[in-house]
Amino acid sequence: MSVTIEQAQAGIESRSGADWRGWVLDRAPFVVACIMLAVIIAIYGSYQSGVFTLDELNLDTAAAMTLMLAGTGQTIVLMRGGIDLSIGGMISLGTVIAATRFTDDPGTVLLWSSAILALGLGIGALNGLLISLLKLQPFLVTLATWSILGGVAMIILPTDGGSVPGWWLGFGYLELLGLSSPVWMLLGLLLFWWWFRSTRIGITIQATGSNEKSAFLSGVSITRVNVLTYGLSGLFAAGAALYLTTQTGAGSPTIGKDYILPSVAAAVIGGVSLFGGRGHLAGTLIGAFILTLIGNLVFVLKVSSYWQPVASGVILLLSVLASSIAEKAARGRGA
Amino acid sequence: MRAFLARNRLILLAYLGMLLLLLITALFSPGFLSASNLRSTVVLAAFVGIVALGQTFVIIGGGIDLSVPWVLNSAAVVMALLCAGQNMPLLWVAPLMLAGGALVGFINGLGVAQFGVPPIIMTLAANVILQGLILVLTGGSPSPTAPDLIKFLSVGRVGGIPVIALIWLALALVATVLLSKAAFGRHLYALGSSPTVAEFSGVPTARTTVLTYVISGLTASLAGMLLTGYSGQAYLGMGDSYLFTSVAAVAIGGASILGGSGHYLGTVAGALVLTILTGLLPALNLSSGALLVVYGAVILVTVSIGSEAFAGLGSSLWNRKSREA
Chain A
1 MSVTIEQAQA GIESRSGADW RGWVLDRAPF VVACIMLAVI IAIYGSYQSG VFTLDELNLD
61 TAAAMTLMLA GTGQTIVLMR GGIDLSIGGM ISLGTVIAAT RFTDDPGTVL LWSSAILALG
121 LGIGALNGLL ISLLKLQPFL VTLATWSILG GVAMIILPTD GGSVPGWWLG FGYLELLGLS
181 SPVWMLLGLL LFWWWFRSTR IGITIQATGS NEKSAFLSGV SITRVNVLTY GLSGLFAAGA
241 ALYLTTQTGA GSPTIGKDYI LPSVAAAVIG GVSLFGGRGH LAGTLIGAFI LTLIGNLVFV
301 LKVSSYWQPV ASGVILLLSV LASSIAEKAA RGRGA
Chain B
1 MRAFLARNRL ILLAYLGMLL LLLITALFSP GFLSASNLRS TVVLAAFVGI VALGQTFVII
61 GGGIDLSVPW VLNSAAVVMA LLCAGQNMPL LWVAPLMLAG GALVGFINGL GVAQFGVPPI
121 IMTLAANVIL QGLILVLTGG SPSPTAPDLI KFLSVGRVGG IPVIALIWLA LALVATVLLS
181 KAAFGRHLYA LGSSPTVAEF SGVPTARTTV LTYVISGLTA SLAGMLLTGY SGQAYLGMGD
241 SYLFTSVAAV AIGGASILGG SGHYLGTVAG ALVLTILTGL LPALNLSSGA LLVVYGAVIL
301 VTVSIGSEAF AGLGSSLWNR KSREA
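Each protein sequence line maps, in turn, to chains A and B. Take 1 as the starting number for the first sequence in this note's numbering and just add one per residue. Take 1 as the starting number for the second sequence in this note's numbering and just add one per residue.
Next comes chain B alone, as it looks inside the complex (with noise of 0.2 Å):
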């Protein structure tokens, strides 16, 4: 138990953070924690959290994808002029806008992965590529409406439960069992922990870097075409906020950005705990802008608790308390 405890610290931080921040939010608006709230906060934290599933994976394995944003934009505009406000079109549509962001990540893996290209330079570049691309095909002009489905799979409920929860839920569990069960998951952390050491142990390093970015593309599309139903129709710099509340979801979620450490589950805990932050705002009458700056300071202080500098201090003061008790 206290193994599983020292091990998780960061991931059962999150979740205690979350708690504390619904109490005090509940504090600041007493409406807070209705159910319809609530129902529209998890909402709100399924799309952060799709988004943020295949950036945990990339983090993990050491790298990270600053071109979420566009291919989330890309998938989202493109799935609404293929199907037009139609459901039958998305047969198609929607796997083809899967592989398409599947397709960038292959490209975004294998140019970091093959051809040394920095993380960053490689997501940045196919981010303002794919940007440009999308605004010469919409010439800037907003796209029809979502289909109905798409429409019913992000704000649709069953039961109660709202679709994409459920949505959610799944793939949580297809990421739990990917990093806990599979070899993928013992190739990753090996792969973030030490490329060097994971390569001369047999671990197929190019592979499992390609797969993250492909995991990372295939969840920024699905999550593009989900927010198109939300919002009603997808509109240009719909994916601009997903590049710092994915990496701040998964940094607050106790995945070291360095690598090798870290679990979807408390990339669960990072989106909660964001959109949370998000809807306390209006409560206390701060702007969007006030939004971006916590968003950094979060990114900065998780991040912070989470280094080597502050590694040593916390695992010191966390033996001490463990023995003591």
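With the rest of the complex left out, here is chain A (with noise of 0.2 Å):
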């Protein structure tokens, strides 16, 4: 790989605009998140008490974790200009393995964690290796594979079952300073993008999803970004995999597809872009908080919790909408 990092940063810069109206466009979306965030834990805290506790914070975490690696993963594909069906697959193969071969013998659960997470990664890299090899475009690629894992789930476990050891079930509730395991979780993916935007890889990553032909051009290697990218995909969805067993504590061959498009979701309405080369992990991360306090908001407000669904979809829409209106203005401009 011959492209310094200055090329590719410049490379961003230049698509991203230098002028302020660039500036404004690009950070817009992650303002307009953390405003709707505010305004539903202003409604959440209205109707309920202890809302701006260190214990909600914690069960909130809790139970927007397993979204927020599975949407850590799909930022990261996203950035490439790409998208990742396959975490359907991927989630519910995890948790199948993990309810049908963990023990209470610590080593087993270590073992066997392991192997999911070095299989998500694996057919992550399949998956990156399929796009770039066969010249097919990611969503039917990972369509497939989605459809391939979610059959080997079933496979291996037809109906939603299994356990996990009692100790591996109250991972969520560990505490250290006062925050739970699944904080220090959030804590950590934060650092992980704080480091991992300014590698190496991960500007590669980001320049070829703005500009795939002049990352070529400057001497990138697609095949190995496309590798790289599906294979840490794979690999937060097994992580996002492991983590919904310490809350459900079984297994389910088809709980994967309830995560495909909230993942993809949490990162829109975070601000990454739809069309590759922007975002920030905060705004996913925010995302996910934001679709998760949605089904709060909907248990508050005394409605069937059937319309979680509906207002997450809505949001989305809004989002998507909004972000293809500002991307044809971006693009105009450039024009």
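These aren't lab readings, by the way, just hints derived from the structure by calculation. Among the clues, some could well be false.
To be verified - Here are the in silico distance ranges between beta carbons for each label pair: (1) B:G156 <-> A:S305: 38 to 44 Å; (2) A:D160 <-> B:S231: 18 to 24 Å; (3) A:L301 <-> B:L286: 45 to 51 Å; (4) A:D160 <-> B:A26: 35 to 41 Å.
To be verified - Partial selection, computed: residues in chain B whose CB lies under 7 Å from chain A: (5) F115; (6) V117; (7) V128; (8) L133; (9) L135; (10) A172; (11) T176; (12) P195; (13) S304; (14) I305.
In this text, a Cβ means the ideal position worked out from N, Cα and C, and glycines have one as well.
Relying on the hints, combine the two individually framed chains into one complex.
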């Protein structure tokens, strides 16, 4: 890889526009997401006591962490300008392997957890390889692998069930300095992102998402970028699956599909561009909080819980519409 | 003749694959080629084929419609609720459901064509919203039984031929005329090959795109109503498998998923291939999980064959063969 970090960064800069309007357009979605979250918390707080406590933060983060992990992988893929539908199958597969293979012995749990993470990484890398080698669209390859992984999950465990050891279930309740382990994971994710986006590969992924042709011309191996991007997405999906089993205590061959759209939605609501190159994990995490708190809101407002997907879908569409229109405006300026 | 063969290579391959599959299946389960079994295969394939009709149009135009599962399911559930087992209400319920499906398609198309929302996101969001709305509407409980007329249309027979096969045949004729003879078809292929070129050549790209999603909404809701007749009642999740099967049928049928090529006649073969495969798996003692694996593998393999990477290889082999012949 002969591309220098400065070259890649210059590519990103030139696309996002140096003038102040580009600067505002880049950050507006994130600011809007923060305001949306504040409004939701305000409404939630006025119906429910104890919203502004550490306990509530611990609880909500625990509820949102599966989506946050899946969303982290999806954010990386979206930054690359792709999409990963296969996390639906990967999350299902991860939970059923965990629920059928874990025993009380920590050694076995460690072994199988590593195996699940490695599987996620491997399958993801395979997605990336197929996309590059066969010159296929990402959604098509990952749609196919979603079906395959979901099918394998169903072969391993035809219906919801299985079990994990009791101590594994207690993971989300571990506390350090008053903060639960999911909150520490959240901080860990932010730290990871802060490190990742300034690494060579992080910058290369972002540059490739901004402009694949110019990235290729400056010596980036697109195949390698794809393998790494989708590999990371698979890894995070496997992590999401493992975390999910600490919450549900069981495996489900169909649960993964419930995270496909929300993972994209969390990222888009948080200002990650669907067209590649732009975004920040902080936005995705805010988006995941918004989607999770809508569930709480639906509960305290005493409306049917079935409204939650409707509300999430509508918020997603509004965010996408806003970002598409902004994208059009930005492109119009560039032309 | 040779030009015809070359142009429709993938469609012919799909039919060839279907015949091969029929033979293999007949070897594994000798009763498979009986009239009654073939009839039930065609009936099941018709549901896939009808949903995949709309999907074919969308994919040729360069998009994809992932909202078919819950457009189908919504039409089925609402139709069953409104009719409450009676035939008469169908007079206004059936057109209403088709209009509802068309409306969802219209909104999908508008989002894609007018606002530049990626098709996957637009249609997945529509799918989730519809799913939520139907759950709110039904509270998760199953709906009343299907009206007798719907049952007749989906499992009845006229002179030994399943009624739904006739419906499918009629739809296939309409689709063929639209694709091969109508201006809409020419616009669609132009749009799928290159939206920019189509735009500059005066093709009404936005209108054409919206129309493809409208057609997909129409066929999905039609299939939903008919499927209610087949299963006797509408239930939640009845459309889920049609997401993969409709895309797979189009892929097997040889439509390039990048748009611009393919034909519904290929999709018909695709729907039959998938249904025969479905029938083959129980004979081999395989589970529904294995079926999902097969769907995924089939999508991957067939799409690879049609992809750029293989196109060069395939056509050079083909040309050499036809030169030698």
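Now the hints, each set against the structure:
1. About 40 Å separates the C-beta atoms of G156 of chain B and S305 of chain A, a value consistent with the hinted range of 38 to 44 Å.
2. At about 23 Å, the beta-carbon gap between D160 of chain A and S231 of chain B stays in the expected band of 18 to 24 Å.
3. Distance hint for L301 of chain A and L286 of chain B: a CB-CB separation of about 46 Å, consistent with the stated range 45 to 51 Å.
4. About 37 Å separates the C-beta atoms of D160 of chain A and A26 of chain B, a value consistent with the hinted range of 35 to 41 Å.
5. With 7 Å as the threshold, the beta carbon of F115 of chain B comes within range of chain A, its nearest partner Cβ sitting at about 5 Å, so the hint holds.
6. The criterion of a C-beta within 7 Å of any C-beta in chain A is met by V117 of chain B, whose closest approach is roughly 5 Å, and the hint holds.
7. Given the 7 Å rule on beta carbons, the hint for V128 of chain B holds: about 4 Å separates it from the nearest Cβ of chain A.
8. The closest approach between the C-beta of L133 of chain B and any C-beta of chain A is roughly 6 Å, which is under the 7 Å cut-off, so the hint is satisfied.
9. Interface restraint check: L135 of chain B against chain A, minimum CB-CB distance 4 Å, threshold 7 Å, status holds.
10. The interface hint given for A172 of chain B is broken, as the beta carbon of that residue sits about 25 Å from the closest beta carbon of chain A, more than 7 Å.
11. At about 25 Å, the closest approach between the beta carbon of T176 of chain B and any beta carbon in chain A exceeds 7 Å, and the interface hint on this residue is violated.
12. Interface hint status for P195 of chain B: violated, as the beta-carbon distance to the closest one in chain A is roughly 15 Å, over 7 Å.
13. Because the beta carbon of S304 of chain B sits about 5 Å from the nearest beta carbon in chain A, less than 7 Å, this interface hint is met.
14. Restraint check, I305 of chain B versus chain A: the minimum CB separation of about 10 Å is more than 7 Å; hint violated.
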